[in-house]
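Whole structure, please, built from the sequences with the hints as guidance.
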Amino acid sequence: MKTDMQASRDDERPGAAGELRTRLLKYAGGLLLSILLTGVSFWVSATGTVWPGGVPVLLAALAIAQMGVHLLMFLHVSSGPENTNNIMSLAFGVFVVALVIFGSMIIMHSLDTRMNDMPVDVHRMMMAP
Amino acid sequence: MSAMLDEPMQTVERPIPRSQRGPAPTHVTTSYGMWLFLLSDIVMFAAFFAAFVVLRDHTAGGPAGRDVFHRHTVLIETACLLFSSFSCALLGAGVEYRNKRVTYAAVAVTLLLGAAFMVLELSEFAQMIADGAGPGRSAFLSAFFALVGLHGLHVACGMLWLIVMLAQVATLGFSPKVVRRLLCFNLFWHALDIVWVGVFTVVYLGAFT
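Going down the list, the sequences are from chains D and S.
Counting with our numbering, you get residues 1 to 129 for the letters of the first sequence.
Counting with our numbering, you get residues 1001 to 1209 for the letters of the second sequence.
It is possible that part of the hints are untrue.
[Stated by the list, open to error] Computed footprint of chain S on chain D, listed as stretches where at least three residues anywhere in the stretch have a Cβ under 8 Å from a Cβ of chain S: (1) 51 to 65; (2) 88 to 97.
[Stated by the list, open to error] Calculated pairs, SDA-like style, for lysine to any residue (alpha carbon to alpha carbon, straight line, at most 25 Å): (3) D:Lys26 / S:Arg1180; (4) S:Lys1100 / D:Asn85; (5) S:Lys1177 / D:Ser104; (6) S:Lys1177 / D:Trp43.
In case anyone wonders, no lab produced these hints; they're calculated from the structure.
Ideal Cβ placement from N, Cα and C applies to all residues, glycine included.
This is how it looks when you write it as structure tokens:
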């Protein structure tokens, strides 16, 4: 059972769990992984080896992987019990971000194509002050 | 006899129901609040990302991304932020073990790398504006300066925050308040790095493909 004394000690030492050695290894691993992922991203965008149609998808996958590495290794997002609230709000945040970005892309792309289809005089009339 | 039997029974750890555990420790609630702020900050960045992606091809006859961006500058900027993220993590470890020397060294490295990033980015901006590719040139460039400039503003604010924290560690020592603030700074700096991953992928590498 967690006593008051323990709780106040936890207050003084945030994240007291975990040895220094494993933590440093975790940080070094995170650094190496992100260097690797960044390097591959830059290489993919510079080289002609990868089929051009696949490059954006590959870049997106690499970026998402690197964000995951940062979340796990540096921000200490885990499935621990005191992390439940953090995970839930992260999920909601990701949902809103995806909604804003992809929603804008779809709507604006659709508007763009419709504007181009419009007869020229209607377009001119809309643009008139 | 019965007392001897009771002894081991009490040491058995049973999971305590959530309702009986009492309030969460302060560092948990504080970092949760900071986490909520960072998520809403990232949602704001999402709006800027959306604007950039929508306006990316609207160059109004002006320069496109591949004409004004330099791949090696972006690579060096990214390296600066990555290593500063690592030194910021070391800062967290130094604070946790109450080691002033490690803390100061990590703060110095983080500040240096952050300053190097800012210098690179501002010189990139200055060069673009001098070349006639300022934010007023086209919708694409407005969106670019808004998004990347917003991230740069966050980095500058973070550096200011870190300098203030340095002064607080020097004067107040590792008091619980200062430690919690440093914890929040750690979260802030790593969240900025996550945003930068999106920036260099979408803005810079996206321009070259």
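Structure-based check of each hint:
no., hint, verdict
1, 51 to 65, "holds (count 7)"
2, 88 to 97, "holds (count 6)"
3, D:Lys26 / S:Arg1180, "holds (22 Å)"
4, S:Lys1100 / D:Asn85, "violated (32 Å)"
5, S:Lys1177 / D:Ser104, "violated (41 Å)"
6, S:Lys1177 / D:Trp43, "violated (44 Å)"
In the structure shown, a violation is registered for the earlier hints numbered 4, 5 and 6, in ascending order.
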